[in-house]
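A.B. asks: Between the sequences and the hints, there should be enough to build the whole structure, so can you do that?
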Amino acid sequence: MEIRMSGVTKTFGEDITALEDVFLSVPKGDFVYLVGPTGSGKTTLLRILNRELLPTRGQVLVGEYNLRKLRRTKVCQYRRAIGMVFQDYRLLEERTALENVAFVLEAVGAPRREALDRAGEVLDCVGMWRRRFLYPRELSGGEQQRVSIARAIANDPRLLLCDEPTGNLDPQTAGEIMQVLLSINASGTTLIMATHNRYLVDAYRQRVVELKMGRIVRDQERGRYDIDEEL
Amino acid sequence: MRSFSFAFRDTVRLIRRSPGISGLTFLTVLVVFFFVGCSFLLALNTRHVISVVEGELVVQAYLQPKADLDGLAKKVEKMPHVRGVRPISPEQALELLKARLGNQSAAVTLLGENPLPASLEVRVDKASSVSGIARELVSMPEVEDVVYAGKVAEKLARLSRFAEIFSLFLLVFAGLAGALVLYNTIRVAIYSRKQEIEVMLLVGAMPGFVALPFVLLGLFWGLTGTLAASAVLGLLYKSFVNSVQNTLPFIQLVDNPQLYLKLALVLIGGGISLSWLCSWIAVERHISEAMKPS
Chain A
1 MEIRMSGVTK
11 TFGEDITALE
21 DVFLSVPKGD
31 FVYLVGPTGS
41 GKTTLLRILN
51 RELLPTRGQV
61 LVGEYNLRKL
71 RRTKVCQYRR
81 AIGMVFQDYR
91 LLEERTALEN
101 VAFVLEAVGA
111 PRREALDRAG
121 EVLDCVGMWR
131 RRFLYPRELS
141 GGEQQRVSIA
151 RAIANDPRLL
161 LCDEPTGNLD
171 PQTAGEIMQV
181 LLSINASGTT
191 LIMATHNRYL
201 VDAYRQRVVE
211 LKMGRIVRDQ
221 ERGRYDIDEE
231 L
Chain B
1001 MRSFSFAFRD
1011 TVRLIRRSPG
1021 ISGLTFLTVL
1031 VVFFFVGCSF
1041 LLALNTRHVI
1051 SVVEGELVVQ
1061 AYLQPKADLD
1071 GLAKKVEKMP
1081 HVRGVRPISP
1091 EQALELLKAR
1101 LGNQSAAVTL
1111 LGENPLPASL
1121 EVRVDKASSV
1131 SGIARELVSM
1141 PEVEDVVYAG
1151 KVAEKLARLS
1161 RFAEIFSLFL
1171 LVFAGLAGAL
1181 VLYNTIRVAI
1191 YSRKQEIEVM
1201 LLVGAMPGFV
1211 ALPFVLLGLF
1221 WGLTGTLAAS
1231 AVLGLLYKSF
1241 VNSVQNTLPF
1251 IQLVDNPQLY
1261 LKLALVLIGG
1271 GISLSWLCSW
1281 IAVERHISEA
1291 MKPS
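So the sequences go chain by chain: A and B. All residue numbers for the first sequence refer to my numbering, where the first residue is 1 and numbers rise by one. All residue numbers for the second sequence refer to my numbering, where the first residue is 1001 and numbers rise by one.
It cannot be assumed that every hint is accurate.
[As the list claims (entries may be wrong)] With a straight-line cut-off of 20 Å between C-alpha atoms, the simulated DMTMM-like cross-links for lysine to aspartate or glutamate are: (1) B:K1194 x A:E93; (2) B:K1098 x B:E1113; (3) A:K74 x A:D88; (4) B:K1074 x B:E1154; (5) A:K69 x B:E1142; (6) B:K1194 x A:E64; (7) A:K74 x A:E2; (8) B:K1074 x B:E1142; (9) B:K1194 x A:E99; (10) B:K1066 x B:E1154; (11) A:K74 x B:D1145; (12) B:K1194 x A:E2; (13) A:K74 x B:E1284; (14) B:K1126 x B:E1077; (15) A:K74 x B:E1198.
[Claimed, not checked] If you anchor each label on the Cβ, the simulated ranges turn out as follows: (16) A:H196 x B:G1269: 55 to 63 Å; (17) A:R113 x B:L1171: 48 to 56 Å; (18) B:V1232 x A:E93: 30 to 38 Å; (19) A:T56 x B:A1231: 54 to 62 Å.
These are calculated hints, taken from the structure and not from any lab test. Every value quoted in this text rests on a predicted model; they were computed, and no experiment measured them. Cβ coordinates follow ideal geometry from the N, Cα and C atoms, glycine included.
C.D. replies: Structure below.
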């Protein structure tokens, strides 16, 4: 899915500007890291793309969807086409890991058996198959994160938004998750990942968009976490 | 169909996962509909007692000496608001007088020829019809005089009107109060699932898909609560009627097996409809809030 943001500003109340005049174009199949200090607007940008927030000004086009003009039924349709990994996981507390993933598939009309099989497959991809019958409260933060990733990719989304997907993972597991994300991206899914993980950004070089105080201050192909000294 | 089977499974899960909330909501529905049923029975019995008293009201029409008693009786019977007509010939009137006098009935023989006129005993459907019927009877050439308890009929008519308004008010009030309590209970129960609703919507579930388990949950509470309320009400009312019949036999309460069935059907039907409506409104509000981008 192609993303085009033009002149996007998001303010909260009168004096908090989370994003200011953001112009961003992401071609279909691209992998973009969103980096920047806490409060720079990364999560706001992702939430706008997930249509949890509406921009105060500006246009956001994702594929064939104009996010400002989406009606209620179209919002559901749009969210089914994308996947989102939340910073705070947002798993359903009263469902097992397997049910959390299968639910998304059932919501789009997949038969129960099929949904459970597919949920098992994606949980296996993120290394959670053995813990599929556990509830979120019985899982560690990193494990919940992995279930959240499995849920986001279960539907084969055309756009995957990840808000700190490796934030609670040890370096080795973070590396494994990165491999999963890269393989999803390799299959043609556009991927936007907000992260503070310097090691991952430097190890798996992709396009880097840096935000500071709501503004894009750097947009670099195959960039590092910090600005290259050579530039 | 798949959505429905998912919703059904999810409803069972919701009930099993929160027995506390389910139990409380069930109890609330039971209590609310028990009181709605009590109000219904109170209104029904008030009207029943008044209609029994109204049924005792008669208009006595005394006829001219040569009037055709049976012909006039048939004519009066066809008048609106007339519930029944009893023709009384002069001979029957004399017998009635004798019966009323008891030991002193021999005094009647002193009258010589029977001086009593033929008359019609007209029963009306309600107290407010008495004066109208009396006026119509007086205007008939065959009728010589009309006797009826005008003041009593007027008071009874006023009481009957009051009872009608009172029962309607009682039912509307009980219904509204019940709906309000039920709506708030279901809203609180659904509120505890607010986060779940939000997450479901965030991952692309359709509003109808998200709402269905909660609506089914509301229907379940409505059905079980009203079933229990009907059973409790039926048992308590039956024993109340029995004890009234034993201690105060002159008070006639409504006691009819068909009434219990009808009341149960009204309560269950009302409970299901109300629960469905309340849960649908409550979950729809949460969905609208969750789907509204800030």
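A.B. asks: If any of the earlier hints don't hold here, list their numbers in rising order.
C.D. replies: 3, 4, 5, 6, 10, 11, 12
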